[in-house]
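Protein chains in written order, with the numbering used here: chain U, 1 to 372; chain F, 1001 to 1338.
Since the hints were made in silico from the structure, they are not lab data. No residue lacks a Cβ here, since even glycine has one placed at the ideal position from N, Cα and C. Please note: incorrect hints may appear among the correct ones.
Stated by the list, open to error - DSS-like cross-link-like pairs, simulated, lysine-lysine; straight-line CA separation at most 30 Å:
(1) 1259(F) / 318(U)
(2) 1206(F) / 1273(F)
(3) 1259(F) / 280(U)
(4) 210(U) / 59(U)
(5) 280(U) / 24(U)
(6) 1323(F) / 348(U)
(7) 280(U) / 1169(F)
(8) 67(U) / 354(U)
(9) 59(U) / 1159(F)
(10) 280(U) / 1159(F)
(11) 1159(F) / 210(U)
(12) 1075(F) / 1096(F)
(13) 1096(F) / 280(U)
What the hints assert, rightly or not - To spell it out: a stretch of chain U is covered by chain F in this simulated footprint if at least three of its residues, at any positions, have a beta carbon under 8 Å from a beta carbon of chain F; those stretches are:
(14) 48 to 54
(15) 281 to 292
(16) 309 to 319
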Amino acid sequence: MTAPYSPEKVFIDSAALSYPLTGKILEKLPDVPAEVVPDATDLAAWPALGPDPVGEGKKYLHLAVQKGGFVKPCPCTPGYIGCNYFIVNAGLNCPLDCSYCILQDYLAGPFVTVFVNLDDLWRQLDVFIARLRGGTCRIGTGELTDSLVLDPLTGLSRNLVSYFRDKPGVIFELKTKTANVGNVLACEPAENIVVSWSLNAPTVAATEEKGAPPVEERLEAAREVAGRGFPVGFHFDPIIRFPGWEEEYARVIDGLFLAVPAFRVRWISLGSLRFPPSLKAVIRRRFPATRILQDEFIRGRDGKFRYFKPIRLELYRKIVGMLTCRGGNSLPLYFCMEDEELWREVLKKRPGGKENVGHFLSTPVRQVIAKS
Amino acid sequence: MKPIKIEKIVRHGKNGKGTIMKLGLGDINLGDERFRTSYFFPLDPFVRSLKRVGLVSPPVVCIRDGSYVLVTGWKRVLACREISLSPLIVLEAEEKPDLEMFLLAFFENLATREFGLAEKAEVVRRLEGFGETAEAVVRSYLPLLDLPADRAVRDLLIKLSRTGDDVKKFIRSRNPPLPVVRPLLELISEEQAFLVPWLLMLGRNKQRELLEDLEEIEARDRTGLQELLASPGIREALVSSSLPAVQRSERLRAFLREKRFPLYSSWRESFEKARRGLGWPEDIGLAPSPFFEGEDLTVEFSFRSREEFLERLGRLEALASKKDFAGLFVFRASREGK
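Chain F with its partners taken away, still in its complex shape:
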């Protein structure tokens, strides 16, 4: 299907909201990104849409420094550029100061879609760049962006808006929650660049755990990621071609966890050792209470018949009669130091 053609150009008068006009792509100064808040987005859906139905909704432009600059419609216009679709039907907004012009773009977008976290960060930076105070941003705009009216959130977004592209791309692609973003932004750019590929392979909770562990190790030991990674075993594990990347990222997470919680990790390891030493069967679960906080151990198994049930009980009874069985109960705080 051919693109739909708009033949009639409507011109509004002075009291109108702007002027619809045709503009060549080359007449728009795309280097002026003052009103832009979206980056690192895939163009394919827009290209597909343009090819199918053409440019249905006109981007908004205004004149700055003698050139047309884009106010809204970055995705559409960049997709037009991708397929060399020119000229475009655009709406030239009536002249107003930068802040007002940006608010036009902001509210138009707000009404039609959700902002990602990286976009929210750009919105906040632009608002302040155009003269809004930090207090006004916190009070009036963060709630509009579905964020708490909290200065710390504003500070985090400003930091995010100034961070490197690696982090922004990660945030654009995974849209992690603020507790993941915060420790990530605390890292130096080299550490961010190193970690992002590994973070991409972890779920949100594990991302958060890894970043918080790293942050706390660095603060506690006054060390950096590079020194940490010089520890025996971990660098080799990370570059090992025999391990899938997901497993290597898990290895990194486990390594940092162990560094962050040495005593707890040693307890876990000893418990596992005791379990293995008993010859505990793989099909019967055995776990201490979470973080060894309680005194109970939990045994878990499944069965499909009375015979299976008795068979498992029989194996457990045999285990309980072993001398080393008592070794499972040393993992109590009360035994420590006795």
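Only chain U is shown next, with the shape it has when bound in the complex:
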């Protein structure tokens, strides 16, 4: 099991002090020193003074009030096809330390942050959902943090499941690399609540996903959650090429369908390793032994480095082949941040725009909901 997150210190913004979630989290961390500060974002500069600002920042939990919007459209990336996803920013940053993680370079603040003003979250979600006017959308908490990594402290998954359960037009996703499913298992399942796992080859998980549990543990958690009655999803992202990648990904895919029957899988996304140029320097500095940067990366239309296209094509063709061979042709597979050519050549689909992709992914979920 992954060790539960135990920060070295908790910074509490004075504005966050009166919220119930603050007290709940502090109760779970009785031995961790806590300090009330006017605004911990003012302290954000000091981790940069040390040799590993990103790693240093992960040692501190910051309880804050979300002053901006909780709900935002996923920015995707220019020049490639999105999936019309929305993100709920209930927290920022992640105690896991994956070498390839974009958050190392993306977030302004270094601390692991939880936004405690849940009343504002529910209010904003109410407004967001009202604006859908009965339409469907996919939304999740796992973009700027891992959805469940802090769940033993926050218990937020219970609140989220409870909130979204009676909003069948909204397909809510908890996306994680962890096996922290205790709170989820304590909830009544709902067909519009999808719990999903990021999966990778065991070698990648072991060498590049520091702090995350092995893939077998993730699949075991998926088995439990699916067994409890929740639909599940999987994300092979980032797919990384290394000697022996085919055998290892095949093994993971075997394990996936042993853990979860294909009919409980609502979606599987695929995305190969990609990173902005600025992240390259961070990865090199923080993970000098990593070999993930050594393959043939070119600058894509969005300016990010990604595998030269024939390499991506090979990776996707083989992995999609493994998935459909074991899970059947009706598996809802999609690409994260890929182009029309690869959709057409590998998935045999012409996705058009992100709205079509969103529709393609939400339709099977809606159909199941309608039947139930």
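Given the coordinates of chain U, work out where chain F should sit on it, guided by the hints.
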């Protein structure tokens, strides 16, 4: 014009900031470089200035180990030595610890000029040598040097301050950005010495590309530059007297690019081969999408009249009717492996 002579020597009292005095060049211990941050600079402008107007601004000295050592004014004093201008009017700073004395020099320079990267590296090393912590350097001094308050930048500067003179001279002369300096400092000194002359002939982007390619090849293949250069063709190209040095440095860059990106390079080469095989005219451009990422090909030509326009279209139409024209469209990811 004769140098301007300062006749009057002003002496400050105890509460003043120091003492103006005349000092022979030989009385200054130039071997003590504890406060020096500038190296490898041309003396000509200072010599010219001294010859024209003399030493206008007095260098600052202080006493260390019984001798006068220079705190600020290295360029001026070395130029004076060049033309044997002695004695000099100097300002003897009031006694203070090394760090304070260095800060005097640092802030005086900061107010009047920009530091080059190599000088910034020396500043950082001196500050820490005089007792400032790395954290204080990152927090308080890097922003003053127009650098981000980032420990990695401090680490890079310390590394730079300890590197060999070849690299320092290169950095002094070209003032490359940090992304060029970083991979250069990762190389062993023999590789640095070998590469610097070639780097001098390339623009910044190409310098960066070459160094990053080399770094990544070395890490990927667990090899060194010497082994790489033993590859057929490249060593001969580098020593070939028939090629201008700029072209040889381009050859080195292209060689490393090909080693770093073998698949992409083979695609480029095949595309070029297909283009040539079609007899594609030189005055009409033909390019795949950048890095073959898209499926489009781009044709580019210029024309000055309707006749010229039609003439080029006619040639393109003739090309399109060739059987091999279809060969241009195999350069798509989707065709690979089919």
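Tested hints:
{"no.": "1", "hint": "1259(F) / 318(U)", "result": "holds, 26 Å"}
{"no.": "2", "hint": "1206(F) / 1273(F)", "result": "holds, 25 Å"}
{"no.": "3", "hint": "1259(F) / 280(U)", "result": "holds, 20 Å"}
{"no.": "4", "hint": "210(U) / 59(U)", "result": "holds, 14 Å"}
{"no.": "5", "hint": "280(U) / 24(U)", "result": "violated, 38 Å"}
{"no.": "6", "hint": "1323(F) / 348(U)", "result": "holds, 29 Å"}
{"no.": "7", "hint": "280(U) / 1169(F)", "result": "holds, 28 Å"}
{"no.": "8", "hint": "67(U) / 354(U)", "result": "holds, 29 Å"}
{"no.": "9", "hint": "59(U) / 1159(F)", "result": "holds, 28 Å"}
{"no.": "10", "hint": "280(U) / 1159(F)", "result": "holds, 20 Å"}
{"no.": "11", "hint": "1159(F) / 210(U)", "result": "holds, 28 Å"}
{"no.": "12", "hint": "1075(F) / 1096(F)", "result": "holds, 23 Å"}
{"no.": "13", "hint": "1096(F) / 280(U)", "result": "violated, 45 Å"}
{"no.": "14", "hint": "48 to 54", "result": "holds (count 6)"}
{"no.": "15", "hint": "281 to 292", "result": "holds (count 3)"}
{"no.": "16", "hint": "309 to 319", "result": "holds (count 7)"}
Consistency with the previously given hints fails for numbers 5 and 13, ordered from lowest to highest.
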